[in-house]
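Visitor: From first to last, the protein sequence lines are chains F and D.
No gaps in the numbering here: position 38 of the first sequence is 38 in this note's numbering, and each next residue is one more.
Basically this note's numbering = 1-based index in the second sequence + 288.
To be clear, the hints were calculated from the coordinates, so they are not data collected in a lab.
Any given hint could turn out to be false.
As the list claims (entries may be wrong) - Covered by chain D, according to a simulated footprint, are these stretches of chain F (three or more residues, beta-carbon under 8 Å): (1) 59-73; (2) 147-156; (3) 242-249; (4) 252-265.
For every residue, glycine included, the Cβ atom is placed at its ideal position computed from N, Cα and C.
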Amino acid sequence: MRARRTATAYAFLAPTLIVVGVFMVWPMLQSLADSFYDKSIGPGIFVGLGNYTKLLGDPAFLIALRNTVFYAVAATPVAVALALGLALLLNGHVRGRGFFRSALFLPSVVSLGVVAIAWKFLLDPDIGLVTYWLRGLGVDVGDGVRDADVAMWYLIGVGVWKNAGFYMVMYLAGLQTIPRMYYEAATIDGAGPWQRFRKVTWPLLGHTTMFVFIIAAIAALQVFDQIFVMTRGGPHFATESLVYLVYRKGLQDFEFGYASAIAWVLVLIVFVLSLAQNVFFSRRAVRF
Amino acid sequence: MRVLKYGALLVGAGLVLLPLVWMVVASITPEAAIVRYPPSLLPGGFTTDHYTQIWERIPFGRQFLNTVVFAGGVTAISLLLDSLAAYALARMDFPGKNAVFVLILLLLMIPPQVTLVPLFQLLSSLDWINTYQGLIVPRATNAFGIFFLRQYFLTIPRELDEAARIDGSSEFGIYRRVILPLSGPALLTLGLFHFMYNWNDLLWPLVFTTETDMQTLPAGLALFMGEHVIEYGLLMAGAVLTLLPMVAAFLLVQRRFIEGIATTGMK
Numbered sequence: 001m002r003a004r005r006t007a008t009a010y011a012f013l014a015p016t017l018i019v020v021g022v023f024m025v026w027p028m029l030q031s032l033a034d035s036f037y038d039k040s041i042g043p044g045i046f047v048g049l050g051n052y053t054k055l056l057g058d059p060a061f062l063i064a065l066r067n068t069v070f071y072a073v074a075a076t077p078v079a080v081a082l083a084l085g086l087a088l089l090l091n092g093h094v095r096g097r098g099f100f101r102s103a104l105f106l107p108s109v110v111s112l113g114v115v116a117i118a119w120k121f122l123l124d125p126d127i128g129l130v131t132y133w134l135r136g137l138g139v140d141v142g143d144g145v146r147d148a149d150v151a152m153w154y155l156i157g158v159g160v161w162k163n164a165g166f167y168m169v170m171y172l173a174g175l176q177t178i179p180r181m182y183y184e185a186a187t188i189d190g191a192g193p194w195q196r197f198r199k200v201t202w203p204l205l206g207h208t209t210m211f212v213f214i215i216a217a218i219a220a221l222q223v224f225d226q227i228f229v230m231t232r233g234g235p236h237f238a239t240e241s242l243v244y245l246v247y248r249k250g251l252q253d254f255e256f257g258y259a260s261a262i263a264w265v266l267v268l269i270v271f272v273l274s275l276a277q278n279v280f281f282s283r284r285a286v287r288f
Numbered sequence: 289m290r291v292l293k294y295g296a297l298l299v300g301a302g303l304v305l306l307p308l309v310w311m312v313v314a315s316i317t318p319e320a321a322i323v324r325y326p327p328s329l330l331p332g333g334f335t336t337d338h339y340t341q342i343w344e345r346i347p348f349g350r351q352f353l354n355t356v357v358f359a360g361g362v363t364a365i366s367l368l369l370d371s372l373a374a375y376a377l378a379r380m381d382f383p384g385k386n387a388v389f390v391l392i393l394l395l396l397m398i399p400p401q402v403t404l405v406p407l408f409q410l411l412s413s414l415d416w417i418n419t420y421q422g423l424i425v426p427r428a429t430n431a432f433g434i435f436f437l438r439q440y441f442l443t444i445p446r447e448l449d450e451a452a453r454i455d456g457s458s459e460f461g462i463y464r465r466v467i468l469p470l471s472g473p474a475l476l477t478l479g480l481f482h483f484m485y486n487w488n489d490l491l492w493p494l495v496f497t498t499e500t501d502m503q504t505l506p507a508g509l510a511l512f513m514g515e516h517v518i519e520y521g522l523l524m525a526g527a528v529l530t531l532l533p534m535v536a537a538f539l540l541v542q543r544r545f546i547e548g549i550a551t552t553g554m555k
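When you get a sec, could you build the whole thing from the sequences and use the hints?
Guide: Rendered as structure tokens:
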């Protein structure tokens, strides 16, 4: 009886375990193994930690790592802060609340790669409408996506555009969980809007903020789409991210071993963040 | 204070909608007018040429079909496999259950790009590059989907299973006649997640298709832009047609969709 139930359970799991095994776990292990080989098309030569030591002295990797960290460090707090601000504005009685919520969320359901084409047009250094407006406001945008100092900020802006509405929805859900009477009590005690935010909203949103911050950082570390469409990592690799570098080395230059080592650096960074998230959130009862 | 609040919301919504509005405007404006200097949000002029030309300049119809097959195929198969696995994890007890669940959680924590290079080698050796099966099968199950459905299945009262079991129902019968019919909203939400994620994806089709005729729309449009003198009107028409199904789907079920995200906080 017990054996039969076990067999039934694994029959339910079998299709998933086969797909996971063949197309997820095996490639992951393959990738880890490849990262110890100097390997292109063909069997390759074992080099131990050679690829990893090579990374430390490879400007292409160091630049991509720096770009990725810069992107994440800039885009994450901006997106999260905007999301919180918009959620606070939309919480409670707002005329047109449904419209604003849907409009702000819309970027989350459309293809970033496709919208990035429109953004590239709007931000074109010669004929772009947004470039024209920015110059009108006295902002020096130089040569736009062709300008090493400006291009990264454009990519950050587009990334924030894509994700802020998504995080806003999570904050709206978080705000729903704060009992109204806390605000009433604070108001009776003479707290103004800023104090109510500082003493009630912010501390009670702590978990939401932590959660949103981590998923935003993980998403930012995997930035690729708008880079591919708007800059292809240029000018002179100034906007190349780790994922873009994996794509270029692994899938254009076919340096499978070296690209795998780069990918595992990314795995390590993301895994540490995810683990922090899971440890943090398993310590309290998560309500899914 | 009120003015400030609505002002901020209007500016925010305006900035968010700007590229989408611009896309539509540029797609129906003659090329000469949209590249004129100084640029304007309303450049004037009207044409439907971009919408007729897009079908000839790139295999747009074919790429649209590819996108439907890819996103639809992944969604249908993944919903089936995810729900089967989730059923076992939520409703059955068996040795190794925790190990399987930990594996699913681990997969959730690993950035999917790490498998691209070895998957490319694997699919090449199977001759699956530029095929639908190559695009679909590696995504036929999804750790997030399994996790999401498991959580939902756990909320369905156990008594229902017991009642069906006493009536002589098999496990598969309970899955099919008890659990699935009660999980409509969760399946619909997850189906939408899967469909949108794959419809919108750029990197995956970029890696596993090299022929124009097998590309999906995001990859096809991005590569068209990279390879030609940029024709923005044409590209914007293609972009509008690519985004339209997702925007329409979202507007139809937005409430459920937004709530789905708010309660799961994932993906």
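Visitor: Compare the structure with the hints numbered earlier in the document and write down the numbers of the violated ones, lowest to highest.
Guide: Those not satisfied are hints 1 and 2.
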